[in-house]
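Based on the provided sequences and hints, a complete structural model is requested.
These protein sequence lines map, in sequence, to chains A and B. Going by our numbering, the first residue of the first sequence is number 4, and it counts up by one from there. Going by our numbering, the first residue of the second sequence is number 175, and it counts up by one from there.
By construction, these hints were calculated from the structure, which means they are not laboratory data. A few of these clues could be false.
As the list claims (entries may be wrong) - With the C-beta cut set under 10 Å, the calculated list includes, among others, these residues of chain B facing chain A:
| id | residue |
| --- | --- |
| 1 | Asp-178 |
| 2 | Ile-181 |
| 3 | Met-184 |
| 4 | Asp-187 |
| 5 | Lys-189 |
| 6 | Ser-195 |
| 7 | Arg-256 |
| 8 | Pro-257 |
| 9 | Lys-324 |
| 10 | Phe-325 |
| 11 | Ala-326 |
| 12 | Thr-328 |
| 13 | Arg-385 |
Claimed, not checked - In the DSS-like style, the derived pairs of lysine-lysine whose C-alpha atoms are separated by at most 25 Å in a straight line are:
| id | chain 1 | residue 1 | chain 2 | residue 2 |
| --- | --- | --- | --- | --- |
| 14 | B | Lys-189 | A | Lys-12 |
| 15 | A | Lys-17 | B | Lys-324 |
| 16 | A | Lys-17 | A | Lys-171 |
| 17 | B | Lys-324 | A | Lys-66 |
| 18 | B | Lys-189 | B | Lys-324 |
| 19 | A | Lys-171 | A | Lys-12 |
| 20 | B | Lys-176 | A | Lys-44 |
Claimed, not checked - Here are the computed distance ranges between Cβ atoms for each label pair:
| id | chain 1 | residue 1 | chain 2 | residue 2 | range |
| --- | --- | --- | --- | --- | --- |
| 21 | A | Gly-156 | B | Trp-305 | 53 to 61 Å |
| 22 | B | Met-238 | A | Arg-95 | 48 to 56 Å |
| 23 | B | Val-291 | A | Glu-104 | 50 to 58 Å |
| 24 | B | Ala-205 | A | Glu-132 | 37 to 45 Å |
| 25 | A | Arg-32 | B | Ala-205 | 37 to 45 Å |
| 26 | B | Lys-176 | A | Ser-160 | 22 to 30 Å |
In this text, a Cβ means the ideal position worked out from N, Cα and C, and glycines have one as well.
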Amino acid sequence: MEAFDGPLKALMLKGLGGDAAAHAELLSRMATLLRRYFARKLGPTDQDVEDLVQETLLAIHLKRETWDAAQPFTAWAYAIARYRLIDIYRRRRVRRSEPIESAEALFAEEPSDGSARTDVERLLSELPERQRAVIKAVKLDELSTAEAAARTGMSESAVKVSVHRSLKALMRRVRDED
Amino acid sequence: MKTDDLIAMMASDAKPAARFSIPRRLALVGAATALVALAILVPWLGLRDMGEAVGAASYWMKTMYTAVLAVGGFLLAERLARPGVSSRRGLMVAIAGIAALGAIAIAQLATMPAEQVSAALLGSTWDECPWRISLLALPGLLGVLLVMRKFAPTRPALAGAGAGLFVGGVAATVYGLHCGETSAAFTLIWYTAGIAISTIAGTLAGWRILRW
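Here it is in structure tokens:
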């Protein structure tokens, strides 16, 4: 577990300091781990796996201030993943208890592959036009926020605020899906 | 949307962490709770003779008790706001506070003449005290739940209970500026009842609105 925790913690600390590359690296590594974890819990072909991965990543991102640097990163991330998993059981109206395992459950090595579903894309399509334009420019066309700002005629800080708002809106919509 | 795109989007949203940490924000909401409760208490019920109060051991006993419960609630809420941590410490503080006051109450009751026991248990305001404390806690409860919503409680009902205990303890401490009751047993029963109402309200509200 320490083998996972050290590097992830270091990336998290850098990300909290504003290092975008470290933050992206952390989220990619977590995406791989989460995909395996949810696939093991729901079955590798379950359609909700990739949605859960994205929801959990959103929570890791938007709620990152709730991580206490004195706490193992792995325990924090596992608790969030487990919370999302229980939530999907609830949304499916399946009565199931999910035992608390050690955080290793999230970091166990097991090969699995997930394919993206389009739920988040649909949610995205419901966002206000301006936010959507920014996201499209920043993500899909791989522009920097500065370039996206130039293209959409917004200031760079407005673009950043817009991205942040969109992420929060995505998370709220996940919430309201019930 | 592909997960990779989402990650790129979140990476561009990386920025230095929020200025106010969780304990700091909870402390601020606790201070606001106290001020609002005071602003309600003064015109509504008025303050007791504070010169007399600060010289009375009973005043400090009550204040210590309610403050300890507030601290226990603060610690609970601060821990339960975060995924994957233990919240035992806050619970221990609250239980220790109740046990300590319980010991004082028993010692007082055991050594007083039998005809004074009912006055020690009921005082003259037993039927008003719990409601007043819970009313004073109400604005703070709304505030603390709104703050907690920004965090990530994975046990929403418990987190709401911690938040309710926190603001209930703060409100009861403020109520002590008015209340002239002196017995430990009165405090143990009726102050605790008022704080319990706030805690239960926090539990129910947390269960509903602290999910994410």
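Quick check on B/Met-184 please, does its C-beta sit within 10 Å of some C-beta on chain A? Result: holds, 4 Å to nearest chain A Cβ.
Any CB of chain A closer than 10 Å to the CB of B/Lys-324? holds (8 Å)
Verdict for B/Ala-205, A/Glu-132 (Cβ pair) under range 37 to 45 Å: holds (42 Å)
Let me know if the C-beta of B/Asp-187 comes in closer than 10 Å to any C-beta of chain A, holds or violated. B/Asp-187 check passes; min Cβ-Cβ to chain A is 5 Å, inside 10 Å.
Classify the hint on B/Ile-181 as holds or violated, based on whether any CB of chain A lies nearer than 10 Å to its CB. Holds, because the Cβ-Cβ distance from B/Ile-181 to chain A comes to roughly 4 Å (cut-off 10 Å).
A closest beta-carbon separation below 10 Å is what the hint needs, so does B/Thr-328 meet it against chain A? Holds. Min distance 4 Å.
Within 48 to 56 Å or not, the Cβ separation of B/Met-238 and A/Arg-95? holds (49 Å)
B/Arg-256 as chain A interface residue, shortest Cβ-Cβ below 10 Å: Holds: closest Cβ of chain A sits about 5 Å from B/Arg-256, inside 10 Å.
Does the closest beta carbon of chain A sit nearer than 10 Å to the beta carbon of B/Lys-189? holds (5 Å)
Starting from B/Lys-176, check that the Cα of A/Lys-44 is at most 25 Å away, please. holds (21 Å)
Report holds or violated for the interface hint on B/Phe-325, using the least CB-CB distance to chain A and a cut-off of 10 Å. Holds - the Cβ of B/Phe-325 comes within 10 Å of chain A, reaching about 5 Å at its closest.
Measuring from beta carbon to beta carbon, are B/Lys-176 and A/Ser-160 in 22 to 30 Å? The hint (22 to 30 Å, Cβ to Cβ) holds, given that B/Lys-176 and A/Ser-160 are roughly 27 Å apart.
The structure is consistent with each of the numbered hints, conforming to all of them.
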